[in-house]
Amino acid sequence: MNILDIQDLRVRVGPAEKQVSAINGVTLKIAAGEVHALVGETGAGKSMLAKSIMRLLPESALVSGKIFVNGIDCLELNTKEVTNYRGSVASIALQNPRSSLSATRTIGDQLVDRISNRTKVSKTTARLAAKNLLESVGISDTRRTMEAFPHQMSGGMCQRIMIALAISSKPSLLIADEPTNSLDATLTENILQLISDYSKKEDAAVLIISHDIASVAAISDKISVLYAGSIVEQNATTDLLGDPRHPYTKMLLDSVPKMNGLAVFSDLGSMPILSDYPTNCAFTSRCNRATDACHESKPALIGLFKLHSLACFNPLDKENAKKQLPTFTVTPFSKVSTDKNPLLSLKSLTFIYKGRFGSKGFKALDNLNLEVYEGENLGIVGESGSGKSTLGRILSGLEKASSGQVSGVVVKLKLFRNIFHEPVRDDVQMVFQDPIMTLDPKMEVWRSIIEPLLRQNLPKSSIEERLSKIIAEVRVDASLLARRPRTLSGGQAQRVGIGRAVISNPMIIVFDEPTSQLDVTTQAQILNVIRENSNSKTFTSVYISHDLATVKSICDRVIVMYRGKIVESGSVDQVFNNPVHPYTRAMLASVRTLDNSEAREWEALLPEDQFLPLQRGCILFGRCPDSVSACQNTTQVLLPFDESHLVACSKSNPGSPVGKSSISERESE
Amino acid sequence: MLVGVVTFTFLLVRILPGDPVGTLLGPNSSAQDRIDLTARLGLDRPIYVQFLNFVVDLFHGDFGKSIQTGRPVVEELGAIFPATLELIIISLFLALIVGVMLGLTSALREKKLSDRLIRLTTLVGNSMPEFWMGLILILIFYGWLGIVPAPSGRLDTGITVTNITGMEFVDSILTFNKTAFISSGRHLFLPALTIVFVISAPIIRSIRASALEVIASDSYIAAKAHGLGGLALIRKYLIRNSLISLPTLSAIIFGFMLGSIVLVETVFAWQGFGQWALKGLSLRDYPVIQLTVMTVAFFYIIAFFIADVVHSILDPRINI
Amino acid sequence: MHKLYQVAKRTFHEEKLVFFGVSILTFYFLVGLLAPLLTHFGPTEIDFEHFLSAPDSSHLLGTDGNGMDILSRTIYAIRVDLLVSVVSVSIAVAIGIIIGCISGYFGGTIDTALMRLLDIFQSFPTFILALSIAAILGPGILNLIIVIAIVNAPAYARLVRSEVKSIVIQGYVDSARLSGIKHVKILIAHILPNSLLPVRIIAPLNCGWAILTLAGLSFLGLGVPIPEAEWGSMIGAGSNDVVSGVWWTSVVPGVALVACIFGFTILGEGFQERQRKK
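Chains as they are written, first to last, in the working numbering: chain A, 115 to 783; chain B, 269 to 588; chain C, 578 to 855.
Any given hint could be a false lead.
What the hints assert, rightly or not - Capping the alpha-carbon separation at 30 Å, the derived lysine-lysine pairs in BS3-like fashion look like this: (1) B:K380 with B:K492; (2) C:K855 with C:K593; (3) C:K742 with B:K379; (4) C:K855 with A:K556; (5) C:K762 with A:K556; (6) C:K854 with B:K492; (7) C:K593 with A:K556; (8) B:K504 with A:K132; (9) C:K586 with A:K468; (10) A:K514 with A:K583; (11) A:K461 with A:K420; (12) C:K742 with C:K854; (13) A:K194 with B:K379; (14) A:K245 with B:K492; (15) A:K420 with A:K437; (16) A:K180 with A:K412; (17) A:K315 with A:K180; (18) C:K855 with A:K583; (19) A:K194 with B:K504.
Hints in this document: simulated from the structure, not taken from any laboratory.
Remember, predicted model here, so these are calculated numbers, not experimental data.
Kindly generate the complete structure, drawing on both the sequences and the hints.
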């Protein structure tokens, strides 16, 4: 029995001059007890679909088609009926749970609002029901939570509360919109499990919307892939992941970073924003299998055998579906040469963000030592709060360290400030995280690209020459040069940013999370551009990221940071294939890849509920499952574990006396 | 902050060109008279001595004597300030009620006729000089309709009220004085109406903008998405969140009123603080000016303090 | 010319506030400019036969207590009010931009010091500040311009400062620094163009307030020197006449005053609307 039955839904939104055809003929059925994932990139129309089902579209939206929920077409309901429908028949756990909770009402009150909304219950009954609800989503301290306000809750708690709010009236259809955005791996698993449990227990239909296939794959029964407002492929989860027949599905799966290397990717396109209902297949411009039929008419979603539906005139066959793309070669260990003089050398570097009026301030970097060598691709890995961005800014000279020494062979360090000119280290450039914000919105893009050259006083012809050379190398089309940043897509803008970084032939380029704000397919494009350029040019690159797979595919050497300190460093090969520090191991264990072929068994770290004050001893103490009392008092130092593999853990590292004994312990187990 | 204000006051006043003694005694005074008066007022001593005396006196609560009347300025202030305060507070109170109601209505009926009308009215209100508004109201209500007494003072002649707070309206309530109550009320009517019309404009606009923001916010949509609606939705999710910016705005408006109340007082001959201050300013009556400036700054700071407290009550995210 | 018509037509349909605001102000500007051609009497010309006379065929809008023609004075007053408000707001904007850019870009002690200074200025309500400074400087048009400019400048400084601070966080300033571009060049080429938007939106509204302040000061006698024609002082002079039923001495200049400010107000509102639509 299908709880959700969408039939040829078409939605157009926007003001008269700028209409967007957001949903173009979606047909979708979800049965009771089924967990269905809707996957797509930015602009595909996922949120629009959710809003349509919940009747939350703006009044000016043009909607056609039918959406049956529990047998009733929700598009036909009048305003009063809609209020009854929402929450009890269909409900949604919205994106950004923190901002979706009202800041001025307690959690308890917000729960009671929903519970007592439809049926008259006494206040005590409602509060008791609220507490039960909180327990069912995994919140144990219900009394304190009921009286708390949203801003006092962590992100994970907010997400749980959002789910509690959504399921409070036991809806037959639950929509979860990006439920795991910005949550770490353990929480993600937890939340997804909650959603799955609800479905099984109440025999409800669940629609999970996500841009991250890897995380939702674990609990979904079926997956639908959305592109430019239409579903292009739909199948049982394992079949879709293992045997994708639509070229876009395949592209999507190929772009997800894998631990075995970076795939060579030639696509440069992005999701089109359609202003009219499409008369042909929207993917054609990016598809290398496009035929004439694809240009002429729009393929319909046709059900094939079993649970598989496909909208394509020229789908992949089994062989092509399973084919892996060629990858860039992984750097062998020998390339890492640490015997020459380093380009940049940081000793005992500390950086403190000053607090406001009385609070002590926040130590972003703590007594750090680092060398950067010529020609290498150094990766800096860590979660948010580890200090990696601050380190990047100090390396480039944008920030001055609070204490410690920065020196180098080639670079002239004139870190003084005067009112006319603040020279930073010569020949260092940076690629930033938000591609569009980091370009001057009032300047045409070509001006931004050539800006680093202005200091050299080159003749106009040389500048033009360099410009055309660079845009070819970063694959920026000449037609984009006269545009303003806001009219570019994320991928285009980031390529412009890379062009700006390489144009003056800098000695070092620092990449600060250049792909974290981009969609998967765009990420793959950018990583390709970066990799090609670092192969063909001689600059040293420092790549900062929280994504281990991309770091593995781009870098030779890597350092792992946690709360301002380096916990482990070595070649990519050493650290990723043989991690020693418990933090590194836990990070690697949480990497969710599609293949899951390298599922690790290492123990996860205990969750971090509060920010523990920094102690003298190991910063991981309290979270590390292996910690002993000695760890609390010994200052951890980076010591060699194996050749150039350094680890700062007195227990696991045989370089230290504590470590030696524990290693032999482990071996004897 | 207070130190800055006090010093600034002293300096500001001393920078004023013009000679209070000469102004007081008139152009026909003899040089000897002027010297005598200057010495008597202590104005012949060096500046830093004057400043020291000033600060010391402050600590004793002695703000000096008015050069014009010779009476302690604090006493004079006490006589007229409550009346002004009464006018300001009553007007602000009414304006807040009107402002919140119209602002919320406007936001809930966005783009409909009532919204447009309200917005148009606020645009006019923002363009209206209060002194002229007062005159027009006098023309209409007194000149043509005759339902309001002549604009002079706060009570009809012959009616008195025992002085408890110095505010006639409040005092008449406290002493159950019916005639005084009606009389002061009628005198309050036009000035208050003038002020309310002018200051409710920014209040309506601010509330409207806040309310629209709330309606478009994630949390409001989330509440709707879970089936909440009607009056309960508005009461629990809209109102409080829309009022968050109100305390600060009220403090700013309070300060603004304190500064420009002289305009309304002049039109209605209210004999209040504004007029007293203006006279002192024109005649270079230093103690008066000093006390004026310090009073204004003092109340301005208090207003913001109260606003902060109310703000933190409304918004649980703030801890003072 | 044809292009102007096109622009006007489009504005009328899409942005009525801007259209009417510009229309009103243009009207005032032209009338003020062509004042001598449009009036029978000079602004301070005394007609000894008509003191405080009601509107009639010789004086379309009556005369005031000094025998001066209300209509002419009202029209000539446009010059004073528009001039003072626009010039003083321009100066305030200039001061505000300079202070705001320096404060927001360099930060640190300079920023704190400047903001403390502004704090002291802003701890007094604007009108009292204007009163005090006007009293210090004495009467005169130039002094009035200075007064209004000083009183309005802090707001612009804060506005620009917060814009600049949010611009500095965006990457292109960092990128320019990495490329070795000098501070001054960064300020002029990157920061200035991007920080002006809120200023452009507030400025018209501010001109309206400037006129209000000017009129208020003149009403109290602290503004424009006596025989000069200015709406506020005209209303002030005529305020005592109201009780005796003489309405034209205060109502006429008041209407002109309100309409002029209204023009600025709806223009400012129109700009805000335009910004919201984006």
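Exercise for the section: Verify the proposed pairing of K742 (chain C) with K854 (chain C), using a straight-line Cα cut of 30 Å. Expected result: It holds: about 24 Å lies between the C-alpha atoms, which stays within 30 Å.
Problem - 30 Å Cα cutoff - pair K762 (chain C), K556 (chain A) - result: The hint holds at about 15 Å.
Practice task
Sort out whether K437 (chain A) lies within 30 Å of K420 (chain A), counting only the CA atoms.
Solution key: Satisfied, since the Cα-Cα distance of roughly 23 Å is no more than 30 Å.
Exercise for the section: Below or equal to 30 Å on CA atoms is what counts here, so check K742 (chain C) against K379 (chain B). Expected result: violated, 35 Å
Practice task
Assess, step by step, whether the Cα of K854 (chain C) is no farther than 30 Å from the Cα of K492 (chain B), and give holds or violated.
Solution key: holds, 24 Å
Practice task
Take the C-alpha atoms of K194 (chain A) and K379 (chain B), compute the straight-line distance between them, and say whether it is at most 30 Å.
Solution key: holds, 22 Å
Problem - Hint consistency between K586 (chain C) and K468 (chain A) [alpha-carbon to alpha-carbon, up to 30 Å] - result: violated, 55 Å
Handout entry: 30 Å limit on alpha-carbon distance, applied to hinted pair K855 (chain C) and K583 (chain A)
Key = violated, 36 Å
Problem - Given pair status - K492 (chain B), K245 (chain A), alpha carbons within 30 Å - result: holds, 22 Å
Exercise for the section: Would you check the hint for K593 (chain C) and K556 (chain A), treating anything up to 30 Å between C-alpha atoms as holding? Expected result: holds, 27 Å
Exercise for the section: Please work out if K514 (chain A) and K583 (chain A) have their alpha carbons no farther apart than 30 Å. Expected result: violated, 34 Å
Handout entry: Agreement of K504 (chain B) and K132 (chain A) with the hint, judged by alpha carbon distance not exceeding 30 Å
Key = violated, 35 Å
Hints 3, 8, 9, 10, 11 and 18, counting from the list given before, are not met by this structure.
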